[in-house]
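Chain by chain, the residues run as shown.
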Amino acid sequence: MSVITDQQPQDPPPGLRSRTRRRVADPAFRWFVTLTGTSVFIILAAMVVRTTTEAWPIFQHQGFFGFLTGDRWVSGGSRSDDPADFTGVYGAWPFIYGTMVTALIAIVLALPLALCIAFYINQLAPRRLRKPLSYTVEMLAAVPSIVFGMWGLFWLVPNVLRPFFTWLESWAGGFFLFEGPVFGPGYLAAGIVLAIMILPIITAIVREVIAVNPLDQQNAAYALGATRFEVMRKVILPSSFSGIVGASMLGLGRAVGETIAVMMLIGSTKSWDSSLLQRGDSMAALIASLFKEATPEGVRGLMAIGVALFLFTMVINVAARLLVWRIGRVAGDAAV
Amino acid sequence: MSATSDLKPAERGAGERTTPTGHRPLRETQGNAARRAVANRVALTVLTVAMVVAVIPLVLILFKVASEGLAAVGWNFFTLDEPTYRVEEAGYRAGFVGTAYIMVGAILMAIPLGLATAIYLVEYGRGRLASFVRFFTDVMTGIPSIFVGLFVYGLLISSGAIFHTGFSAFAASLAIAIIMLPIVTRSSEEMLKLVPDEWRNASYALGASKSRTVLTTVLPAAAPGLATGSMLAVARGVGETAPLILTALGSRYLVTTYFSDAQGAVPLQIHSGAMQPFEAGVERAWGGALSLFVIVLLLVVAARFVGSRANKLG
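Chains as they are written, first to last, in UniProt numbering: chain P, 1 to 336; chain B, 1 to 314.
Keep in mind the hints are simulated off the structure, nothing from the lab. Source: prediction; values computed, not measured. The C-beta atom is built at its ideal place from N, Cα and C for all residues, glycine as well. One should not assume that every hint holds.
According to the in silico footprint, chain P covers these stretches of chain B (three or more CB under 8 Å from chain P) [stated by the list, open to error]:
| id | segment |
| --- | --- |
| 1 | 111-121 |
| 2 | 195-203 |
| 3 | 219-225 |
| 4 | 234-245 |
Label pairs and their in silico Cβ distance ranges [said to hold, decoys possible]:
| id | chain 1 | residue 1 | chain 2 | residue 2 | range |
| --- | --- | --- | --- | --- | --- |
| 5 | B | I162 | P | T166 | 18 to 26 Å |
| 6 | B | P112 | P | P181 | 48 to 56 Å |
| 7 | B | N76 | P | A319 | 47 to 55 Å |
| 8 | B | P112 | P | A294 | 32 to 40 Å |
Generate coordinates for the entire structure from the input sequences, incorporating the hints supplied.
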């Protein structure tokens, strides 16, 4: 819960160090755990190398920027891995667009709510209720994404979202974001469910960040006659700002990588549309939905999408971690 | 105070009243105080409403999954396979067995590796290497699970694979293990840090070496906390669907091989059941969703329980 400074490991006093069997066993253990520690680099490097080599012919065939900006996706049937034989067209733009739009909808909806919840739990809730309330929010993080997908598809879209979209379309259909026709599944439906899914992680991190705000500062503000709202807004919020930005970027990373729920709710088309009510596809969802029917060449195309998705989330995550790390490390938790 | 209340309403002009000693009464608000009080009231109400709003989806999901799922779950659900989506008498046996296969493999891979990494970070890790390991472990938690699936596909299944196994429970275990690894590492690290240094020193004072101290003093002391972290990681891994599509592929019949054939899993069966038109199959998908949810919930609650016991012992 609190800031954990990097403490130095405790070593045995030097007089006790080397004696017979220990001379082998101790360094061996040390080397063993050090090697496992570095396994994280090996895994990450293997991931990058393996997927990039699989995807390379597609980038050669299409050109890296051609791949990112092309808006047509037709899998070819070639079995060779020579890019000259490829017959498909691979343009990832509709899926990059779908990923960005759904993730942005999710963050725009989830961030204000998460801020409110975090402040409520940390500042306002009776002390007895804090733990149960935070468990309840974290419970939402425990729901498997396939369950979110099913609930969204069978309950939320037909009962809540489709009527809401119909009303939205009739009221603001002239505006380019809300142009009809209304289907139900689409960018907005996927974004709304994503918002629910990333709410717990953002809340958990914002809570960590505002918990480290010094109590003296808050008390000083109260002593000057500030109301509780003013303490939150003018004392806690400004000093937590970079942590909150980091938290929302971590949430954004989650939303970008989420697959199954988006796949069930975004409507799966290979085109893109400026209206949020229309159907589309995201990078992660496209990989999962095209995989089973993909030709060997098509799988390489999906690998290329995967590499782009990886780069995307890497940039977001590294930036977010650097921001959150400045505040203090977040304890290992279900939500994180 | 009494002086104020003695005043007649007509005399209560704003900002004009004074107490007999010539001061403004404390009750009297001035300037923007009223606006600030209202803003405060409004903001606190908004926060409370937000809290309620945030709990609503969880309640709705719980209610829907329980009401739809209970109808489908019964003895047959756990003992029969699902030859077609259309038949009424069918179940998710293949999925449950497959999930068990995959999870046991993933646990055997992820927990020892994660624990050893955590031991490195807490007991041996110094300087730049340790902070790099820590940082990239954190970054690894953010890698999309579908990308992990693609990687394992490229490593074990595709025609260019280095170690060719084809679609198998092993491939799925590997993918889930990679997803669980950073969670195990980070939670174990936090738990090992909580073991007081006095305990380590006491062990050294008895003549134990560093490796012996770690294995016989630090690990047992942190055991409940380590169990909590591992259970949360398992809870996370068991619900993963996306990487399984690319590694286990799915099977509606019981598969008992680990290293070769395509394997089923509950999340995969839910997904294919939910996306097809037959009523019976969709109902079973709800049953699957309910059982998956219950498994995850039990793991999370058990983890919290073990964790709270651990805090008391410490």
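Hints and how they fare:
no. : hint                           : in the structure
1   : 111-121                        : holds (count 6)
2   : 195-203                        : holds (count 3)
3   : 219-225                        : violated (count 0)
4   : 234-245                        : holds (count 8)
5   : B:I162 with P:T166: 18 to 26 Å : 52 Å, violated
6   : B:P112 with P:P181: 48 to 56 Å : 54 Å, holds
7   : B:N76 with P:A319: 47 to 55 Å  : 51 Å, holds
8   : B:P112 with P:A294: 32 to 40 Å : 35 Å, holds
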